[in-house]
Each structure stands twice: as structure tokens, then as C-alpha cells.
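Undergrad: Take a look at the letters that make up each chain.
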Amino acid sequence: MTDLQQRHQHLQKRYAAERRFKAYGLAAIIFALGFLAIMLVTITVSAIPAFTQTYIKLNVEFDQKVIDKSGERNVVEMRKSDFQKIIRQGIYDLFPEVTKRKAKKKLKTLLSSEAGYHISSALLSGDKPDLGFIDTKREIWVKSSDDVDSFIKGFINRDIDEDKRRIKDNQITWIDQLQADGRLERRFNWDFFIFADSRSPEDAGIRGAVVGSFFTLLITLVLSFPLGVLAAVYLEEFSKPSKITDFIEVNINNLAAVPSIVFGLLGLALFLNFFNMPRSAPLVGGMVLSLMTLPTIIITTRAALKSVPPSIREAALGIGASKMQTILHHVLPLAMPGALTGAIIGMARALGETAPLLMIGMVAFIVDIPQGVTDPATVLPVQIYIWADSPERAFQAKMSAAILVLLFFLVVMNAIAVMLRRRYERRW
Amino acid sequence: MSYLTLLIILFGLIVAGYQIGQRRAKAVKPKLNSKLPEHKLHSLPGFHGAYVALWCGIPSFILMFVWLFLEPNILSLLLEKQLGEQISGMADGKVELLKSSIRRAAENSQFPVDTALLAVVESYKNIQNQANIAGMVLIVSAAIIGLLISQRNIAQRFMARHKVEYIFAVIMLLSSLVAVLTTFGVVVSLVFETIRFFDHVSVSEFLFGLHWSPQIALRADQVASSGSFGAVPIFAGTLLITFIAMLIAVPIGLFSAIYMSEYASPKFRNIAKPLLEILAGIPTVVYGFFAALSVAPLMRGWGFELGLEISSESALAAGLVMGVMIIPFVSSLSDDVINAVPQTMRDGSYALGATRGETIKLVLLPAALPGIVSSVLLATSRAIGETMIVVMAAGLAANLTANPFQAVTTVTVQILTLLVGDQEFDSPKTLAAFALGFVLFIITLGLNILALKVVNKYREKYD
Amino acid sequence: MSENKIANKYQVRDVNVFYGDKQALFNIEVDVLENQVTALIGPSGCGKSTLLRCLNRMNDVIDVCKISGDILLDGQDIYSKKIDVVELRARVGMVFQKPNPFPKSIYDNVVYGPKIHGMIEHKSDGDEIVETSLKRAGLWEEVKDRLDSPGTGLSGGQQQRLCIARAIAVSPEVILMDEPCSALDPIATARIEELIDELKEKFTIVIVTHSMQQAARVSQKTAFFHLGKLVEFGDTDQIFTNPHNQQTQDYITGRYG
Ligand SMILES: Nc1ncnc2c1ncn2[C@@H]1O[C@H](COP(=O)(O)OP(=O)(O)OP(=O)(O)O)[C@@H](O)[C@H]1O
Ligand SMILES: [Mg+2]
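Residue numbers (my numbering), protein chains in the order written: chain L, 4 to 431; chain D, 46 to 508; chain U, 2 to 258.
Bound-form chain L, shown alone (with noise of 0.2 Å):
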């Protein structure tokens, strides 16, 4: 009896523990899914102020003495000319009251220091601008700086010491004037994605550094996709078994792990001080980085061209093909879209690799966006670090949408992956 009760209690136990054991795994499993579900929710939440800029209402004199000094109508020196002063005007005048020197200072910050030149800009395009706005008074909407972007945003507490927050006591009133009038307003911030990088948050884009990822993952895929596919086809179906196939197979799984900042270090020893390559440009980032995806695409190609039957290269040649006809005509198309999905992956790769093209210059500020593969850029996740460093509190909503880009960006390719994979895929 008491031994029953023993063996009884014992089963107890092991059961208990084999619930825990289960327990623990599941437990490991959900955390992990729930640091990514944080993870994304949070950038996303971040990134949504990102997505809307606020708008100020004014009233401006397009004053002729300011804008066309010379009263020639000569668009080009026009451009040149000070539309903040005239902007700068507009917010005066909406506050009479305001005659301090210390205290209009204050008043115009509330205003984008790059509004005028988006007005001029707006107003003057083109060959033959229609100039008919010259001394006339117009109701235009231009940018508000960032820091009132963020107090309408609810990102500054009107709670807190004056001297502890970047909006004075003064701005508050203004701005809850403004905000009575109706000549506040947020509207969805398209410049975030036709604008390159700025020093002002509000002016501040991805558009260059999109640009630049595309320039830079153009470069890759010329240069790794056609390498790979040869390498892999030559020692898939050409090499015979040697030593020195064995060293090239050894170096492309060992090159697969090597740290990507490590290709940095070969980039700016080898493309940038011996060859003297552009420093910043995407060609000698696309150059880094295909030597990176080469070993990808090798070994996805490679295991695609073995899942090819032989009967099929048994079939050509039979017929009288020659190997080279074999392999063109039959192989490689049926192992294409394998080479494909690999080519994909190790491009989505390419598009979050951050750390070598750091080390190749490809962090510089830049605000022109590039037009061609020599000309410096940024890429993606190289705006996001360094909108990462940036002190301003907009830069980091600004940060979360470049992630969430980057992020769709590739959540776009490896969808193309799987759905090649799906509809390509052969059981023979």
C-alpha cells in the first residue's frame, strides 16, 4: 500500500516537473515574440507624430523692396532675396502688441527658419513664375518651428518650470492664440518623404537617404547577383573536387561569417585609400556590400542548382548539348527562381547593413539628394542613427517613421522571396 502511494507520489512529481519543463518553453517562446511585439508597437507609437506637421497661418506683405530690391522682376536675383524677413512680418503683425526686441525674437522662432525659403521656392519655380503676387497681401499656411510642432503634440508640458522647457511662457500665449484664431493647424507631413536630410526637424526627410539606399543596393545587386550566380554555377556543375575547390568553399562559408564591420575596414583600406575611390558614395557602398551578399547568393544558387534532377542535364546532354548548353538552356533557369529568392534575402540584408558604410564615409550630413552612384548619399538605416544622435525631441518621431520605412521596405522583399519560393517551388 505505502509503496503504491510512493510510486504514486513519485509519478506526481515527474509530471509536475515535465509541466514545468513545458511551462519553461513556452514561457521562452513568448518572450521573445513579446519583446518584438513591444518592440514594434513602440516604434510605431513613436513614429506617429512624424507623420504630421503643424501649420501657421499668416497674413503676408509681399513687400517689393524686400523681395525684388532692384524692381527688375529678375527671378534669379529674386531668389535670393529674404522671404523670412517678409514671413517674419506676418507674425508681427498678427501680434501688435509684441514691440520688445527680446520678446519679438521669441515671436519669430515660432516660425520655421526655413519657411521663407520653402515660400520662395513654391512661388518662384519654374522659368517664367507668375509674379503677380508682388505687393499684394496674401493668407498663406507656412511651417512652425519644431519645438511648437512638439507643444502642439502634447511632447512639452506647459506644467512645468519655464526654464525647463524649450516654449516660454510668452510662446504659450501666442500660441494659444494662434490656436483660438484658427490659424493653427496639423496636416499630414508629405515633406517627410520628398525632403532629404536637415538641420530643422521640420524640414528634415527621407527622400535622400532612400535614394541612397537605392543607389547603394542598385550597385549590390549589379555587382553580387551575376558573381554569385557564376561562382555557383561553376562549382556546382564545372569544378571537380580539389583542394583548391575545397579552399574556395571553405572561404565563402567562412566570408558568410565574418562581422560586417570588418568590410568596412576592407572598403576604407582598399577602395577608399588604395584605389581612392569617392568617399560616401553608394557605388563603393554597393561595392562593400556585395561582397558581403556574394556568399548568400553562392550558397542559396548553389543549393538551388542541386535541387535540380539529373535527368534533366542527363536528358540535354543525351540529345547532344553541349555542358555550357546543359547548364544555360535547362539547369540555371530551373534553379532561377532559387537564385532569385537569394538574391532577395541577401539584398534585404544589404538594405538594414549599417555599420560598414559608416566606416566608408556614407554618414556624412547631407541634404542634396544624390542623382547618381558617385555622388555622396546616405542610406536608411544610416539616417536613423544619425537622426539617433540628434538632440531634438522631433528627430526621434522622425527616427521611429525612418524605421517603420525601412521596416516595410523589407517586409516587401522577403514577401517576394516567400511568394517566389511558393510559386516556383518544384517537387520532382
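It should be emphasised that the hints constitute simulated quantities derived from the structure, not laboratory data.
Hints may contain errors.
[What the hints assert, rightly or not] In the DSS-like style, the derived pairs of lysine-lysine whose C-alpha atoms are separated by at most 30 Å in a straight line are:
1. L:Lys-243 - U:Lys-99
2. D:Lys-406 - L:Lys-16
3. U:Lys-23 - L:Lys-326
4. L:Lys-72 - L:Lys-103
5. D:Lys-71 - L:Lys-326
6. L:Lys-25 - D:Lys-170
7. U:Lys-83 - D:Lys-208
8. U:Lys-67 - L:Lys-246
9. L:Lys-167 - L:Lys-60
10. D:Lys-208 - U:Lys-124
11. U:Lys-99 - D:Lys-71
12. D:Lys-502 - U:Lys-83
13. U:Lys-116 - U:Lys-145
14. U:Lys-105 - L:Lys-107
15. U:Lys-116 - U:Lys-105
16. U:Lys-145 - D:Lys-208
17. U:Lys-99 - D:Lys-208
18. D:Lys-318 - D:Lys-208
19. U:Lys-105 - L:Lys-326
20. D:Lys-318 - L:Lys-243
21. L:Lys-68 - L:Lys-103
22. D:Lys-318 - L:Lys-25
23. U:Lys-145 - L:Lys-25
24. L:Lys-140 - L:Lys-109
25. D:Lys-474 - L:Lys-243
26. D:Lys-71 - U:Lys-105
27. L:Lys-243 - U:Lys-23
28. U:Lys-201 - U:Lys-83
29. L:Lys-68 - L:Lys-83
30. L:Lys-156 - L:Lys-109
31. U:Lys-83 - L:Lys-243
32. L:Lys-131 - L:Lys-108
[As the list claims (entries may be wrong)] Far from chain D by the CB rule (all over 10 Å, computed), these chain U residues:
33. Asp-78
34. Asp-85
35. Gln-98
36. His-118
37. Glu-142
38. Gly-229
39. Gly-235
Don't be surprised by glycine CBs; every beta carbon is placed ideally from N, CA and C.
Use these hints to put chains D and U with the ligands onto chain L, whose structure you have.
TA: Okay, now just chains D and U with the ligands, sitting in the frame of chain L:
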């Protein structure tokens, strides 16, 4: 304009070569209906065309790249000759400056130069033009000569297919050598710069020194304040963060793998596995952002409440986030090896009345151990080489400490900070980055090779 | 070639084949006569496929495979340096054990060989070749309305006939068949056997088979192999009714394992 036109001309010649080869091959085809191979065209006309096109294209393109590297040097030499006595006795740097301003003046007429130099600029422009034309003529005539010579070979029994395929095979071989060249390039550049570094700093100081502050003299004459390069704090910091990361990644990754392969329903597995793999696909800069802006402040806050002093760049935050990033590396590799354990071993254990958990602990894990060890080694190598998370979340302070609440720095962080930004290439500061890179390369390579060895041993056991 | 004697298509002289250190064929001597069907029979692993693959140098693909001796096709050594394998294989077609159509359309399957051998100058040439080859392979009626559908979508027997059509499309002189019916049902097998009978009017055929009945039905000459050695070679009638060798006797009567 010149290179674009050159490319267009070359491209045109290549197409023409293809056409000529094909035409000529078609023309020599008298006895089509004879069955004897001796009377047939050996290769398809297309191969003859490709043969001519290759002979037209390859030499001229090689020549073009050689010229691309040679031309600036030749021009520079000619320019020096021009300047003659004007530069005799000048410092090298000044000569370079002068030459570059002449070059820019030749490119852009607005560029301001000394009026005395205008004549030189003019003649430099001339020389440049002549060199340009000479190069073009050289390259184009190489293409034409290649075309003319190769098309004469075309004949009925000419083995154009063999030649073309041989060239392709060579191109393929060269492509597969790129990977080897890359490794070679990595090793050479690292070793070269590291040796130069050790001209400034002794090996023992670097490997065993306890003090790291690579700050270099701000002015050239400020020799005394050249930094100290004892890398031990950096190695220790790297180890600390890697250790924390593995402390997270190994148990969680392993338990996830076990649950996935032994307990989870296929449906759960099909959803959870790809989700876990997403963790590996997220760019590290995103983790870095999350670590620096969410995890680190959170930890600091918690620490504050518990009365602990946690630095805002603590090793703990960086290590934790890095650990999460590494989880899928451990879990998916471990999953594979656990699945590879033969079903018969499981059946044997169940038949003895063991529970699942007991089977896993006493049978599966010991059997899969080598595979798991190798996956942990690979994950460690990842963690050591990881850059962005630590750059953004760990600090620059080279503290020698084992306290996870303090800020430490890592090899990768130091490499990056030493090299980003402008720098001259000869200072020990920048060379130190290469020495660190070399250490990093050796260690990750070693871990990788070790992991492969372990896994191969394991394979032998089951094959 | 003399008038009343059938010409020798293949002369296999003292052929030894090695896979690495392992010898697969020993001193083989066989003559294959023009416009006849020669059957190679023998237990599994005796080297039939090996010999067959030597006849169009398909063994070149296998790195470890080494061959000595001479194989003459129309009196010319096919292993000599002067021979281009690609041209050789255009003259000597091959049909494999498992039907292996390319994963392309029926039309493309047949037209591929003629294309790479430069037999097509206009599209109409291709159409003509496809039609005559499919007709000759007895597949035309079944597929003429769906030449664009993939060859892999046909039934096993149809696929095998497609492979035969593909082989004869390049107008070879010899067709090698390695157990062409082993993956087929009896009806499909019967169709292929009929086809072989018709094809021998134009082509010389060498066939490997495990079916004694098939060998007896379709072939004029039979070679019996055992453990890499040629045990007996002669007229099919004689081998099956009156074998000289005891091993042959045992094998064809099914007393062999
Ligand atoms: N690629 C190869 N590598 C090594 N040995 C081989 C290879 N192909 C065949 N062999 C060996 O050569 C011998 C003859 O093989 P072969 O395929 O010619 O036999 P077979 O008569 O065709 O058999 P089956 O009737 O089963 O098809 C066998 O012992 C086989 O193991
Ligand atoms: Mg066989």
C-alpha cells in the same frame, strides 16, 4: 562625354562583330544535307558570332580599365615635366596642391588661378585632350584588330563553340575566385595596417595594457599627449556584453527550440517559427534604437527605484537587447539538430516509460549536444561582431569592470568611433582600429571554424 | 560494306571500364549491326548501363569513370581526340529508364535538339521536324492539339514516347535505350515495343532490358552479361532456344537469383 561615347562605340563594334561572325559562318555551309560531321559546320553560327564579339570586347575592355588607371598618372608626369623648374625645390605637398589647382582650372574656366599659370593650364588642356584621343584610338583599334583577326578564323570545322564555352568557363572560375580575393583583401589590409600600428605601440602594451584612451595630440607638435592603447578594457567590455547576451539567448533560444520541435502543434510551429525568425531579419540599427531610447532609460528607472546606480549606457541594456537579437540564431540551429536526432532514439526512451521532458533532457539533448554547442559558438561569434546595438546603446568609456550596470565599450564600438569622421591615415589612432579589427576577425573566424569542426564530428556520428 | 552482309555499326573491342578502383566491365567485345535491335541483358549491376553509356560517351560526365579499349562507330574510334562528343551524341541518341522530358512545352522538347544542332533555319523547319518525329514516335495523334502544353503533363507512356520523339528529332543513326519500359504499364510497354520494331527500319537500336520476353520479342541479337563480363553474345533466337553457356541458360529460364 568621352567614356560614354567610347562605350557606345565599343558596344557597336561588339554587335557588329557578332553579326559578322554569324554571317561568315552561315556563308561557309555548303553541304547541309551531308550526314558526315566533317561536312557540317562544327558550331552554330551564333557561336561564331559570339567568338568574334568576345575577341572584340574582352581585350578592349581590359585595355580600357588599364588606361583608366594609367591615364591620370601619365598626365601627372607630363604636367610635372611642363612645370619643370617652377617646382624644383618645392615641397611635395605644395606640388600636389599646384597640380590639382591646374587640373581644376583646366576643367572649369571659372576656377581662379595665377595668371602666370594660364599658359600651363592651356597646354595641360592640350595634353589632356591628346591623351584622351590617344586612349580612345588605342582602345577602339584594339577592338577592331580583335574583330578582324578573329573573324578570319571562321571556317567549317572551326570549333567556335569550344572556344566560347572555354572563355565562359574561365569567367565563371574568376567569379568564384572573387570570394577568395575578398578574404585575401581582408587579411592583407588588416595585417598590413596592424603591423604599422605595432610600429607605434608594442604588441604587449596593446594586448595586456589596462588603459585605453586613444586621444591623440591635437597639434602635430604635441607629442607628449599621444594616447595609450591597452586594449584589455575593450576586450573585457566585449566579453561582458557578449556574456550577458548569451545569458539571454542560450536558455531562451534553446527552450524555444525544444518547445517548437517536441511540444508545439504543427499549427503553432508554423506561426511561431517564422515570427521568431523575424527577430533575425530586423536591422540591427533598429535594435540599437530600441536599446538606447527605450530599454536603457527603463532600466535606469528601475534601478533608481531599487536604489541601484545604473548607467544610461549600461552593459546590461546593450547585452539584453543583443541577446534577443541572437535568440533566433540559437533557436533555429538548435531546432534543426534536435530534429535530426533519429526518431528511434525517442521511441526507445518512450518505450521505457520516460516522459517527454525526461526524454528531452536525458536522450535528445545529450545526443544533440554537439550541434547545440556549435550553434552557441556561431551565435557568440555573431554577438562579438555585432556593431550597431553597442554603438548606440553601449558607451565609449573604456571601463575595466565586471559590473553590468556600468558603461563599458566594445571592440566594434571602438573601431567605428576611431574611424568615422575625417582622419589622416597614419596616426596610431586610426591604425589601432585595424589592429582591433584584426583581433575581431581572428576571433570570429576561430569560433566559426570551431563550430564547423564540432558539427562535422556530430555528423559523422549519425551518418 | 559488302552487299549482302549487314554492316557493322559499332565495334566494341576489348573494353574495360573502371569507376575509380572498381572495375565494372571486363574485356568486352560486341558488334552492333546496322538496322538491327541489339538487346543487352543480365542481372542487376552487371554493367549493361555502363556499356550503353560508353556508346555515346555519357560516362564522360562521371569524373571517376575511366575506360580503356576501342569503341568504333562506322570504323572510327569515338574516344579519339578528333571526335566532338556533342556531334557524337547527335549521331547517337539516348532514351532513359525514367521518362525525363524537359519541363517545357511538347513542341520545345522535340525541337530543342534540332535547334542546338543547327538543323533549323526557319520556323517551318521546326514545325516539320516536330510533326514527323512525333508521328514516328506514335504520339502525334494524341498531342497534336496541345503542342504548347508542358511535356511533364503527359502520362508516363506518353512521356517516354515524347523522349523517343525528342531523340529521333535530331535524325540520329543509333538510338540507345536503357530499360525504356521499366516505368511503364503493359499497354504502354506494348506500344513502345511496336515502336522499336518500326524504328529499326531507319535506326540502329541498342536496348537494355530486364524482361526476357521483351528481349526475345524486339531484338535480333542478344548479349548476356554477368558481373561485368560478356558471357554470351549471339542471335536472339539462338540465345533463347539454345544457349551455349550454362549461366545464360539459368538466367533466361529464371533459375538465376
Ligand atoms: N557512377 C558510378 N560510380 C561508381 N560506380 C558505379 C557508377 N555507376 C555504376 N557503378 C557500378 O558499376 C557497376 C555496373 O553498373 P550498371 O549501372 O552498369 O549496372 P546495370 O547492369 O545497368 O544494372 P541495372 O540493371 O540495375 O540497371 C555496378 O556495380 C555499379 O555499382
Ligand atoms: Mg542500368
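Undergrad: Are the hints correct? Go through all of them and say.
TA: Quick rundown of the hints versus the structure:
no.: 1; hint: L:Lys-243 - U:Lys-99; verdict: 27 Å, holds
no.: 2; hint: D:Lys-406 - L:Lys-16; verdict: 16 Å, holds
no.: 3; hint: U:Lys-23 - L:Lys-326; verdict: 26 Å, holds
no.: 4; hint: L:Lys-72 - L:Lys-103; verdict: 28 Å, holds
no.: 5; hint: D:Lys-71 - L:Lys-326; verdict: 24 Å, holds
no.: 6; hint: L:Lys-25 - D:Lys-170; verdict: 79 Å, violated
no.: 7; hint: U:Lys-83 - D:Lys-208; verdict: 16 Å, holds
no.: 8; hint: U:Lys-67 - L:Lys-246; verdict: 21 Å, holds
no.: 9; hint: L:Lys-167 - L:Lys-60; verdict: 28 Å, holds
no.: 10; hint: D:Lys-208 - U:Lys-124; verdict: 28 Å, holds
no.: 11; hint: U:Lys-99 - D:Lys-71; verdict: 38 Å, violated
no.: 12; hint: D:Lys-502 - U:Lys-83; verdict: 48 Å, violated
no.: 13; hint: U:Lys-116 - U:Lys-145; verdict: 20 Å, holds
no.: 14; hint: U:Lys-105 - L:Lys-107; verdict: 78 Å, violated
no.: 15; hint: U:Lys-116 - U:Lys-105; verdict: 15 Å, holds
no.: 16; hint: U:Lys-145 - D:Lys-208; verdict: 39 Å, violated
no.: 17; hint: U:Lys-99 - D:Lys-208; verdict: 34 Å, violated
no.: 18; hint: D:Lys-318 - D:Lys-208; verdict: 50 Å, violated
no.: 19; hint: U:Lys-105 - L:Lys-326; verdict: 19 Å, holds
no.: 20; hint: D:Lys-318 - L:Lys-243; verdict: 38 Å, violated
no.: 21; hint: L:Lys-68 - L:Lys-103; verdict: 24 Å, holds
no.: 22; hint: D:Lys-318 - L:Lys-25; verdict: 17 Å, holds
no.: 23; hint: U:Lys-145 - L:Lys-25; verdict: 62 Å, violated
no.: 24; hint: L:Lys-140 - L:Lys-109; verdict: 24 Å, holds
no.: 25; hint: D:Lys-474 - L:Lys-243; verdict: 46 Å, violated
no.: 26; hint: D:Lys-71 - U:Lys-105; verdict: 29 Å, holds
no.: 27; hint: L:Lys-243 - U:Lys-23; verdict: 20 Å, holds
no.: 28; hint: U:Lys-201 - U:Lys-83; verdict: 29 Å, holds
no.: 29; hint: L:Lys-68 - L:Lys-83; verdict: 13 Å, holds
no.: 30; hint: L:Lys-156 - L:Lys-109; verdict: 20 Å, holds
no.: 31; hint: U:Lys-83 - L:Lys-243; verdict: 24 Å, holds
no.: 32; hint: L:Lys-131 - L:Lys-108; verdict: 35 Å, violated
no.: 33; hint: Asp-78; verdict: 14 Å, holds
no.: 34; hint: Asp-85; verdict: 7 Å, violated
no.: 35; hint: Gln-98; verdict: 28 Å, holds
no.: 36; hint: His-118; verdict: 8 Å, violated
no.: 37; hint: Glu-142; verdict: 29 Å, holds
no.: 38; hint: Gly-229; verdict: 29 Å, holds
no.: 39; hint: Gly-235; verdict: 30 Å, holds
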